[in-house]
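Protein chains in written order, with my numbering: chain P, 1276 to 1563; chain X, 504 to 880; chain W, 44 to 590.
None of these hints come from the bench; they were simulated from the model. Honestly, I wouldn't trust all of these hints.
[Unchecked claim] Each computed DSS-like pair below joins lysine-lysine, with the alpha-carbon atoms no more than 25 Å apart:
(1) K802(X) x K818(X)
(2) K770(X) x K751(X)
(3) K242(W) x K584(X)
(4) K818(X) x K649(X)
(5) K577(X) x K472(W)
(6) K649(X) x K802(X)
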Amino acid sequence: MNVENGIHDAHYYVPPPSRWPIVGSAALFLLGLGAALSINQVVLGNWALLAGFAILFWMLTGWFGDVVRESEAGQYGQQVDYSFRWGMSWFIFSEVMFFAAFFGALFYTRVISVPELGLAGDTQRLLWPAFQAGWPLETGPKAADYAAMHPLGLPAINTALLLTSGATLTWAHWGLLQQKRRVLSRGLAATIALGVLFLGLQAYEYHHAWTALNLTLASGAYGATFYLLTGFHGMHVLVGTLILITMWLRVQRGHFTPMQHFGFEAAAWYWHFVDVVWLLLFVLVYCL
Amino acid sequence: MNLSCRHHRNICMAIASVATMPVMAAGEFWTFTPPASQMALNIEGLHSYLMVVILAIFVLVFGFMFYAILRHRKSLGHVAKPFHENVTIEILWTLIPAIILLAMAWPAASVVLAQRDTRGAAMTIKATGFQWFWSYDYLDYGFGFKSKLATPRAQIDNHHGEGQAKGEHYLLEVDHEVVVPVGQKIRILTTANDVIHSWGVPAFGVKQDAIPGFIRDTWFTADKLGTFRGQCVELCGKDHAFMPIVVKVVSQTDFKQWVAEQQARAKAMQDDPNKTWTQPELLARGKQVYEANCAACHKADGTGGGPFPSMVGSKLVTGDKAGHVQMVLNGKNAMPAWASLSDVEIAAVISYERNSWGNQSGFVLPAEVRAARGASQ
Amino acid sequence: MSTVIKAADTVDTHGGHHAEHHAGWARWLYATNHKDIGTLYLWFAFAMFITGGVMALGIRAELFQPGLQFWQPEFFNQLTTLHGIIMVFGAIMPAFTGLANWMLPLMLGAPDMAFARMNNWSFWLLPPAAALLLISLFVPGGAAAGGWTLYPPLSAQAGMGMDLAIFSIHLLGLSSIMGSINIITTILNMRAPGMTLLKMPLFAWTSLVTAYLLIAVAPVLAGAVTMLLTDRHFGTHFFNAAGGGDPVLFQHIFWFFGHPEVYIMALPAFGIVSQIIPTFARKPLFGYVSMVYATCSIAILSFMVWGHHMFSVGMPATAQLFFMFLTMLIAVPTGVKVFNWIATMWQGSLTFETPMLFAIGFVCLFTVGGFSGLVLSIAPVDTQMHDTYYVVAHFHYVLVAGALFSLFAAVYYWLPKWTGFMYHEGRGKLHFWWSMVWFNVTFFPMHFLGLAGMPRRIPDYALQFTDFNTVASVGAFCFGLGQLLFFYNVIHTIRGGVGPAPASPWEGGNTLEWEVASPAPHHTWESPPDIETVRRGLIAQAVEEKA
Ligand code: HEA
Ligand code: HEA
Ligand code: CUA
Ligand SMILES: [Cu+2]
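Next comes chain P alone, as it looks inside the complex:
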């Protein structure tokens, strides 16, 4: 809080008019429209989606390019840096709440709806005489037989991978602070490699689950919560990895100083957040 700690830039940097936001809006409009159309088998939708992604990519590179240029040109004072910190913190908070919705769904299903469906009293039996409460669900009239994911094995390995990646990232940060650019670069590279490995294993795990275990999105509430929680997490790992790759490229160009490197820190915060979500997932989705 700038007033309380006395941080005021003499001239807070206010960016000039920019075309990127409106480009981004066009992209998201196309993505929304395209998704709605193609999900309903309208072919035009696929093209809209494609165009949307292309424009989004253009916008992201352009916008972040501007930010990096401004940053490297020294436009951002201390107060701007603080703004970025607040902004990133609350962005991550919003992500926490997004995951909370899905964890909430998992909690509700397991603690409330499944037990209620399986109540032995005189009522639910009228509807679902054969239903057995349990988790993962054994029955469910519309769900084909499936096997649940075992926590030991790939998920455990993935947990180890992500935990290690948190450590390598911290190592890289230490390198940055200590002016050890080699450490910084290698630490980042290692983190990225671990992230990619994680994603690969996750893809393999999905394939295995879908084909060998017959565990699909349609496998009742278990399949739904399993895939959406791990899926959204996986998407975040993907985005996090892309951010880290960007950071690595910037490091190669000599960006970041021990005093000014909020881009790097933001990436690290994001990565750690994704780690923590995984830990929750591992316990709540795989183990319990």
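Given chain P, work out where chains X and W with the ligands should sit, using these hints.
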């Protein structure tokens, strides 16, 4: 109900009746439907008690405001006194409302507990919401029936200024009323076949959502003979306005007699499981089933519309029988599962669909449906 | 004029970027200026208000008499659904964000919003979102028709229109999250020296707390509609008992968003009224600190009361009691607010210009709406009222006479600052009285309809409900007509009104925005003002004027 609760309620009622007198005098449509059960009476009492308290607070609070508005005007030369803090008064106007709220919550809580207590009912009726009618099963007597809007479409449709004159019970009349005995605790189980509906009768002070796949319960005890009307109160699609609930309260003896009639009727209606069905018979039966259950979405002429697929020439309907049987038995997405229909009914409706509106894709027999059920279990 | 103004007016020589100025369309498309973006937000909100209002008139026309006159029931349901979504997400929320954009930097002594470029994006996501919603009216199967609450399985049945609504909500959510991050960061990090948290105008406080609420619940709504989407298209069973899911789960998630959402539409209104009443009472706000506490308490409580929308789904008695008690508790901090406003007026030197009239109208009618909310919060009484027109009456009292009236108040209050001209007081007052009367004619009878049991979301009703519906429909058309006057007033003021406005047109206004010229120059507070100096300047100026 323990004594203190009742005492409390009596006070509420006394205040209430005084307070609502002018409103009552003005006509019955200003306020609640006249209560026909103790629960509805309790709720009305509670409401009137709330109204009295709230009105009093309103008058007091806005009395101050309007006094200020009238007297502390600049145009009267009033000069502002710049006070802007007083901890004592802040504490007071935090605590006093809290106490008032407590006095509101206390009697309400006892009604909540009574309302949720469905034990000790004399009988249980299961009400199932369909798009767009109700179906009732008298679980203790082994019969059930559907209850649909009886108002003719011609009264409803007034586009372009036409339409018949509307009857007295416009939109609140059904072809088959629910009948219950007076003075007995009736437990209602609600559930739904497709989307959420809500079963309620204001005169009894009951309202309970009907949630597909789940069973919820509520209860009422009717104190008066007569016919009481309600409506589905949860948005359930296009004909949400057209699925009323009508409950007829009769004496115990009349009820017994009615039950006997219904049981006889149900027996007569039942399909004989050992009967061998000829194709025309199956089609005739199928038409009945279709119009009763399917036409609401797929239209009587099978053409569907909106999200509801057409049956005419549909790949599934003209294709493999097994897929068709699976679809009807188990449903898919918004298509409800119809496993609750009998084998004969399902066979008949499928046969009907496969041989109507230009479709010609063979018959399905009850035995095949039975086999399919076994396989999907 | 005080010296500070001169500082604001001097062209900034350090960062040359400010000189860049686009003309025509580009000014609005590429805007990074908080005032331009605020203006965009406000006009967009107004356009959506008209759109949603026309839909409301469609509803009221059909309900003028029993029988189906104008629409098929399917289309009626689409009208209701879109009316709700558009008014909530298109009109009220963007209008408050627009006000925050326009006024917060001015009130806090900041050069702009913290993230000026992202600010533009928050706004420009709204038109695409609105477009998706409106396009959905024309796709096969029509727009979403399951109510603004989108309950499955009904919403799982719908056609492509529902998917468009879902993606529209995603965009709206994104916009809300970015807007909130911007507001929070601006308030926490952009205040001028000396502007400590407890010196901020109350509008800043309520904006801050609102932004917190929004950032906490917008992602939850996004999650809910995402699950709906996968249930509809990818075979999941979140809301389907056949796979162990539960339709009620959606309601829990929706209302975990939905209840804080209603305070998102109420807290900024509280803030506005807390600015206006002291100005026209010529007295400082009574109980500033307790107002701040009350705002925070309401926000915290609002996360724990969502179940009051679901009393009739059949939850255990203990859950009902829990939600009932906590809901009732919200009346306490809200009451504190009402009492503080009245105490501010008490012994004041009151005048009744249009903003003050709307503010007083707000306090009275919001309280009526709050009281009907309290009646609904009593679970057994809600048994009778749930999903009837009583609820419709309740929320239009808090939303129309609450949120919307506060917005009218704000517009009249700050119009001189925005345009540099004074509006026509007589026509402003006419707008107020016209709205006040017809609002009540429209919505008060709905209480009676609800008590007598008329369900909501129906295109046709039983005969005993006829009279009140007719009255309400007449009222709605007249109320709507009055809003044309509002439109005229604003345009007239922009075109010069009744003459130029001074920097501080209201005698009692003592927040920072009245320190800069009217209209507010494009760039203000480029170098942070010192609050104490400004305050002294203000007092000096007041003394000068008196003399
Ligand atoms: C701005 C929006 C807003 C606000 C501020 C409120 C405020 C409140 N609301 Fe409302 N509400 C809605 C918007 C809002 N609501 C909407 C949109 C719906 C319907 C959604 C849908 O289904 O579509 C709804 C529905 C709704 C329901 C569900 C009804 C149903 O569907 O069956 C309930 C039930 O408890 C409720 C309660 C309350 C309460 C107790 C408050 C309280 O916060 C009110 C507190 C204020 C006061 C009480 C007045 C001032 C206080 C005093 C003067 C102090 C003294 C008073 C006493 C001691 C009594 N609301
Ligand atoms: C958030 C704010 C908001 C606002 C401002 C309004 C404003 C209005 N609302 Fe709405 N309403 C909701 C939020 C809001 N509403 C919500 C959330 C629902 C629930 C939806 C659901 O059930 O899912 C609802 C539902 C709702 C219903 C219930 C529908 C149903 O259950 O089927 C009705 C019925 O009367 C109604 C009426 C009105 C009217 C008459 C206005 C008026 O105030 C509108 C006035 C404005 C205009 C009329 C437009 C401007 C003027 C012109 C364009 C000039 C031209 C006019 C003439 C020539 C007359 N609203
Ligand atoms: Cu059934 Cu509404
Ligand atoms: Cu609420």
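Hint by hint, which ones does this structure get wrong, listed from lowest number up?
Checked against the structure, the only hint that fails is number 4, while the rest are satisfied.
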